[in-house]
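Assemble the complex: chain A is given as a structure, and chain B must be docked to it using the hints.
2 protein chains.
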Amino acid sequence: MTDIGTAAWVMARCADLTRHSSRPDALERVYLSPEHSAANTAVRAWMLDAGLDTETDAAGNIWGRRSADGAPQRPATPGEPTLVLGSHLDTVPDAGRYDGMLGVVLAIAVAHRLREVALPFALEVVGFSDEEGTRFGKALLGSCAASGQWDPAWWDQADADGVTLREAFARFGLAPDRVGDAARDPADLVGYLEAHIEQGPVLEARNLPLGYVTTIAGARRFVLTVTGEARHAGGTPFARRRDALVAASHLVTRIEELAIAADCLATVGDIHVQPGAVNVIPGRAELTLDLRGRTDAGRDALWEQIAAAGRGIAAERGVAFEFAETHRAPSTACADRLKAAVADGIGEATGAAPGDVLGLWSPAGHDGMAMDAVTDVGMLFVRCRDGISHHPDEHVEPEDVGVALDAFTAAVLALAREHRPAGPAEPSALVEPAAPVEPVETLGEVR
Amino acid sequence: MTDIGTAAWVMARCADLTRHSSRPDALERVYLSPEHSAANTAVRAWMLDAGLDTETDAAGNIWGRRSADGAPQRPATPGEPTLVLGSHLDTVPDAGRYDGMLGVVLAIAVAHRLREVALPFALEVVGFSDEEGTRFGKALLGSCAASGQWDPAWWDQADADGVTLREAFARFGLAPDRVGDAARDPADLVGYLEAHIEQGPVLEARNLPLGYVTTIAGARRFVLTVTGEARHAGGTPFARRRDALVAASHLVTRIEELAIAADCLATVGDIHVQPGAVNVIPGRAELTLDLRGRTDAGRDALWEQIAAAGRGIAAERGVAFEFAETHRAPSTACADRLKAAVADGIGEATGAAPGDVLGLWSPAGHDGMAMDAVTDVGMLFVRCRDGISHHPDEHVEPEDVGVALDAFTAAVLALAREHRPAGPAEPSALVEPAAPVEPVETLGEVR
Chain A
1 MTDIGTAAWV MARCADLTRH SSRPDALERV YLSPEHSAAN TAVRAWMLDA GLDTETDAAG
61 NIWGRRSADG APQRPATPGE PTLVLGSHLD TVPDAGRYDG MLGVVLAIAV AHRLREVALP
121 FALEVVGFSD EEGTRFGKAL LGSCAASGQW DPAWWDQADA DGVTLREAFA RFGLAPDRVG
181 DAARDPADLV GYLEAHIEQG PVLEARNLPL GYVTTIAGAR RFVLTVTGEA RHAGGTPFAR
241 RRDALVAASH LVTRIEELAI AADCLATVGD IHVQPGAVNV IPGRAELTLD LRGRTDAGRD
301 ALWEQIAAAG RGIAAERGVA FEFAETHRAP STACADRLKA AVADGIGEAT GAAPGDVLGL
361 WSPAGHDGMA MDAVTDVGML FVRCRDGISH HPDEHVEPED VGVALDAFTA AVLALAREHR
421 PAGPAEPSAL VEPAAPVEPV ETLGEVR
Chain B
448 MTDIGTAAWV MARCADLTRH SSRPDALERV YLSPEHSAAN TAVRAWMLDA GLDTETDAAG
508 NIWGRRSADG APQRPATPGE PTLVLGSHLD TVPDAGRYDG MLGVVLAIAV AHRLREVALP
568 FALEVVGFSD EEGTRFGKAL LGSCAASGQW DPAWWDQADA DGVTLREAFA RFGLAPDRVG
628 DAARDPADLV GYLEAHIEQG PVLEARNLPL GYVTTIAGAR RFVLTVTGEA RHAGGTPFAR
688 RRDALVAASH LVTRIEELAI AADCLATVGD IHVQPGAVNV IPGRAELTLD LRGRTDAGRD
748 ALWEQIAAAG RGIAAERGVA FEFAETHRAP STACADRLKA AVADGIGEAT GAAPGDVLGL
808 WSPAGHDGMA MDAVTDVGML FVRCRDGISH HPDEHVEPED VGVALDAFTA AVLALAREHR
868 PAGPAEPSAL VEPAAPVEPV ETLGEVR
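Line order of the protein sequences matches chains A and B.
Quick note on my numbering: the first sequence kicks off at 1 and runs consecutively.
Quick note on my numbering: the second sequence kicks off at 448 and runs consecutively.
In isolation and in its complexed conformation, chain A is listed as follows (with noise of 0.2 Å):
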């Protein structure tokens, strides 16, 4: 058995959570499900024995809680300053063991490492129950819940067997009509803290263990439509073709385009042709189209440029292009005084220079989008082997995991000695932002 707080006890622990799985040969883990449940009886014994007490909130996720001079605690004293450190325990179909699993076990391991110390805050660390939305659809559902954004509209999804939110809340044991109770006071709260792969080949091409994240992107969704004729396919001379098909994959190209210039990124992640058949020339082409940038503005004006592209295709083509934007959400900027925190950490653990640490911002979605409602948000990335994510081979190195651990402990000390008693006052508005960050930024961000 290897120590708690060490990379190796990480390790072992990531490891332990697949067994926890709907699938015999595969990770997946869903809200609300029997897996769900093991995994958060399992997270329940790692926090105990991290000196937390524990509590599974009225939406599925599960709390561990010390106060500031290190007892274990529950439930929390309102008003009492709390740091939250976290990330999720549900995973996307075949799944790899880090996403979401890697942050809720590092803060656990350093919520071990600082059971005897002292702090300016009380300790907090979650397992939020949703985050992919695999099951329902809707995605960060657990962290909806604890930032108090649940939409009652959400009741009524049903999963993939016709189960819907509602019947699942009941029969995994919670009472929908408490969802209410798990959202957290924003007066209480002094931040959101959240290690997490990286998902992205960043910082392996730079060489780097670990970076700190600037911004989290928000993605816009759009189905996409291009109506043509369906005709047969020997009768029909190019001259009267008005091919849905054709014109899709012209668009599709100029897509990649735009978005290579524009600096952003865009997936046409799916497409269905009707009739579908291989003498039928498509008379209908259905697309996907996910869209992520640095800044919503920049993503924002990729999408008329292609939503322009898609235009002048259609006119040139004779068919009829059409849109419907399916989600939005807006980018979340991580708060500077966690930003320096997470960067000092960094430095800390690394011996890096503070104009050395990098900077990124995460084209992925995470649970810091739905908790910025609530409070600020920070998060550490983590170097993962050629940048897989979502897929089995997803990989992170045991040294990069010990060097996470020291700067994740590090930028909970360094949040710590910058931390002044608070009011009900907005606790960002409490701290200056610390020197280093912005030219950190400036070097070192990328995408």
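Hints in this document: simulated from the structure, not taken from any laboratory.
Warning: the hint list may mix true and false statements.
[Said to hold, decoys possible] Derived list of chain B stretches under chain A, where covered just means 3 residues or more per stretch with a C-beta under 8 Å from a C-beta of chain A:
1) 677-683
2) 808-822
3) 832-845
None of the values given here were measured: they were computed from a predicted structure.
Even glycine gets a Cβ: it sits at the ideal position worked out from N, Cα and C.
Here is chain B on its own, set in the frame of chain A:
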């Protein structure tokens, strides 16, 4: 009641046949269905009215026959030369009412017009039972049986409900082990003549009601597979992507360019990507490709260009390109003497000078492709509105059907004039090509 042998009668019978459908709201009549049986029964009555004796053969094709001297006649006298007129009675899903049926009903009307006329050959009309291949995926089953090309491998092909061709034979009252009885003896056949809607816009564009067919193009069909890497849409910069759909889209646009330059037809009718999620870069794309050309050599040269383009795009974008050929049919050249007879018939019916009669190649497949194995083939194309086929909007003008009836009758009489009593030698060797055919093709041929 309109008179048999008139355009109005032909139009009314095509309308009658729409009653024999598996769907109340649309026309769908597939091989060996109850509707197939009902359509055969209706057609049998019309054949009897036209002075033909009838028989359903061992593959469900319905035949009518009169002897050279005009008497209804079953069975055929072995060794008696026979001219076959016809088309097919089955349909695609949600079909129009003319594709196939018009040719059968026109042939019956021609037989009625000639019922008092002695001919130098027996005259038969056939309604083929399966040309479209809708039910079992394999096209031309009816004419393959009649031309002795039945492949026992087809018996185990199943329809969408899992019913095999063998079981469907038995349910229809046919004996699978007797299917060979449907094969016609080449020595008895003078030729096969078919009237069919054009299924394309050429005649309409030229303001012509009719044209004769020079060649029935054989399609080649492929499944193309592009394999890249499925990765997180957020975490993967463009430089690291191997997006199977973007590569496939480049190929789709290139296929159109190459086909236009080669004066062939190429259609990507269907596409599927995996995993097919809004936030995952497609790791695999599978496309169908249908290729047709006026000549097999032109079509095959185009395929080589497309395959080279696929390999080039794959190399450029770091993906793999593979293909599998799923279908390959050679083109079928219509016989000179049958082209000449149909061209003569069109000239007589329309008053067009020989040089103004249009020869077209048929990008769509027809029963003549199978019948070519046992006898010479000729085809008459009838203008259809906007080139639409395989669709409920399929439409022909009654005036064009009237001219087609005159032309098809005249074509039979033209053949009769040229026919000399034949021994078992190849019929096409007995007749010199008619003089005007070559210039007509050279002048008028288009695609």
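Against the structure, the hints come out as follows:
1. With a cut-off of 8 Å between beta carbons, the segment 677-683 of chain B has 7 residues touching chain A; three or more are needed, and the interface restraint holds.
2. Proximity of the segment 808-822 of chain B to chain A, defined as three or more residues with a beta carbon under 8 Å from a beta carbon of that chain, is established by the 4 residues found.
3. Counting residues of the segment 832-845 of chain B whose CB lies closer than 8 Å to any CB of chain A gives 5, which reaches the minimum of 3, so the coverage claim holds.
Figure legend: structure checked against the earlier numbered hints; every hint is met.
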